[in-house]
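Asks: Going by the UniProt record's numbering, the residue at position 103 of the sequence shown is 103; the numbering climbs one at a time, nothing skipped.
What the hints contain is simulated information worked out from the structure, not anything from laboratory work. No experiment lies behind these values; they were computed from the predicted model shown. We treat Cβ as the ideally placed atom computed from N, Cα and C, and that holds for glycine. Hints should not be assumed to be uniformly reliable.
What the hints assert, rightly or not - Keeping only pairs whose Cα atoms sit at most 20 Å apart, straight-line, the calculated EDC-like set for lysine to aspartate or glutamate is:
no.: 1; residue 1: 121; residue 2: 88
no.: 2; residue 1: 161; residue 2: 112
no.: 3; residue 1: 37; residue 2: 54
no.: 4; residue 1: 59; residue 2: 76
no.: 5; residue 1: 59; residue 2: 73
no.: 6; residue 1: 121; residue 2: 54
no.: 7; residue 1: 139; residue 2: 112
no.: 8; residue 1: 121; residue 2: 58
no.: 9; residue 1: 34; residue 2: 76
no.: 10; residue 1: 34; residue 2: 58
Said to hold, decoys possible - Okay, the calculated beta carbon distance ranges per label pair:
no.: 11; residue 1: 202; residue 2: 35; range: 35 to 41 Å
no.: 12; residue 1: 87; residue 2: 188; range: 54 to 60 Å
no.: 13; residue 1: 199; residue 2: 152; range: 28 to 34 Å
no.: 14; residue 1: 32; residue 2: 109; range: 31 to 37 Å
no.: 15; residue 1: 82; residue 2: 155; range: 23 to 29 Å
no.: 16; residue 1: 87; residue 2: 123; range: 35 to 41 Å
no.: 17; residue 1: 90; residue 2: 194; range: 21 to 27 Å
no.: 18; residue 1: 202; residue 2: 72; range: 49 to 55 Å
no.: 19; residue 1: 31; residue 2: 93; range: 37 to 43 Å
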Amino acid sequence: MFSSRGISSAAARLLASQRGRRLLSSGTNYNGGKTWKVYLSGEIHSDWREVIAEGLAEKDLPVVLSAPNTSHEDSDDCGAMILGMEEERPNWDHIGASMNAIRTQTLLKEADVVVVRFGEKYRQWNAAFDAGFASALGKPVVTIHPPAISHMLKEVNASAKAVCEDPQQVVETLAYVIRGDLPSTPRDGDKWIPIADRLGKGNPNP
């Protein structure tokens with residue numbers, strides 16, 4: 001029986017890349033010609049959405065991305081600009097939030113996968129709401145955030161199908177889900193050991 005124990009790191013990477021081709025090895029695309037709809041919710045102060053978009057494009061994955069309006073000023077003022085200004089801040093916020101909800105609720109309901117990004121600097125209450133809304137709809141949720149805030153998000157992460165630390169992990173997750181591709185280099189690098197070698201093959205006999 002072949003084992004990857006003791007093989008070179010280059011060979012281990014090759015093995016990992018070959019394992020990631022199983023869904024296409026027969027020449028049949030088991031994706032069924034589906035175009036996946038992925039909604040990108042959450043933090044709007046960094047380029048994480050662009051990083052994911054570029055990564056998906058490089059892998060030529062059949063994905064259509066959607067997102068809320070990421071202009072903070074526009075999402076704050078849309079209701080007042082279209083419907084008229086309000087005298088009180090709560091009313092101003094209400095008409096804007098309600099108008100933005102038309103977009104977010106529609107796109108969330110249409111999504112196949114919902115990715116929710118949380119950053120360290122700002123508290124994204126709306127992102128947590130989106131994660132809960134998506135879970136209630138039965139949508140697979142993928143969270144992405146720095147490890148330092150894992151404890152604060154433990155309830156959200158408990159309902160997520162995958163918890164990522166960076167946009168590249170999201171790209172690799174989608175590549176595996178859609179095409180069965182695995183990264184050529186495992187996250188743990190040379191320390192990576194397949195489960196059959198690390199924990200034994202299958203369930204142990206009683």
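Asks: Now tell me if each hint is right for this structure.
Replies: Results of checking the hints against the structure:
A C-alpha spacing of about 28 Å is found between residue 121 and residue 88, which places the hinted pair above 20 Å, so the restraint is violated. This hinted pair checks out: residue 161 and residue 112 have alpha carbons roughly 13 Å apart, not beyond 20 Å. A hinted pair counts as satisfied when its Cα atoms are at most 20 Å apart, and residue 37 with residue 54 qualifies at roughly 16 Å. With a C-alpha separation of about 35 Å, the suggested pair residue 59 and residue 76 falls outside the 20 Å cut-off, and the hint is violated.
Proposed proximity of residue 59 and residue 73 is contradicted: the alpha carbons are some 34 Å apart, above 20 Å. The suggested pairing of residue 121 with residue 54 is violated, with an alpha-carbon distance near 24 Å, which exceeds 20 Å. Annotation: proposed proximity of residue 139 to residue 112 holds, straight-line Cα distance about 7 Å (limit 20 Å). Of the supplied pair hints, the one linking residue 121 and residue 58 is violated, its CA atoms being roughly 30 Å apart against a limit of 20 Å.
Using a Cα cut-off of 20 Å, the hinted pair residue 34 and residue 76 is violated, with the two alpha carbons roughly 35 Å apart. Distance check on the hinted pair: residue 34 and residue 58 sit about 18 Å apart at the alpha-carbon level, within 20 Å; holds. For the pair residue 202 and residue 35, the beta carbons lie near 36 Å from each other, so the given range of 35 to 41 Å is met. Against the hinted window of 54 to 60 Å, the Cβ-Cβ separation of residue 87 and residue 188 comes to about 57 Å, which satisfies the hint.
Look at residue 199 against residue 152: about 31 Å separates their beta carbons, and that is inside 28 to 34 Å. Under the hint 31 to 37 Å, the C-beta atoms of residue 32 and residue 109, about 21 Å apart, miss the expected range. At roughly 36 Å, the beta-carbon separation of residue 82 and residue 155 lies outside the given 23 to 29 Å, and the hint is violated. Residue 87 and residue 123 have their C-beta atoms about 27 Å apart, which leaves the hinted 35 to 41 Å range violated.
Between residue 90 and residue 194 the C-beta distance comes to about 56 Å, which lies outside the given range of 21 to 27 Å. Between residue 202 and residue 72 the beta carbon distance is about 52 Å. The supplied range of 49 to 55 Å therefore holds. Under the hint 37 to 43 Å, the C-beta atoms of residue 31 and residue 93, about 42 Å apart, fit the expected range.
Going through the hint list in order, the structure does not satisfy hints 1, 4, 5, 6, 8, 9, 14, 15, 16 and 17.
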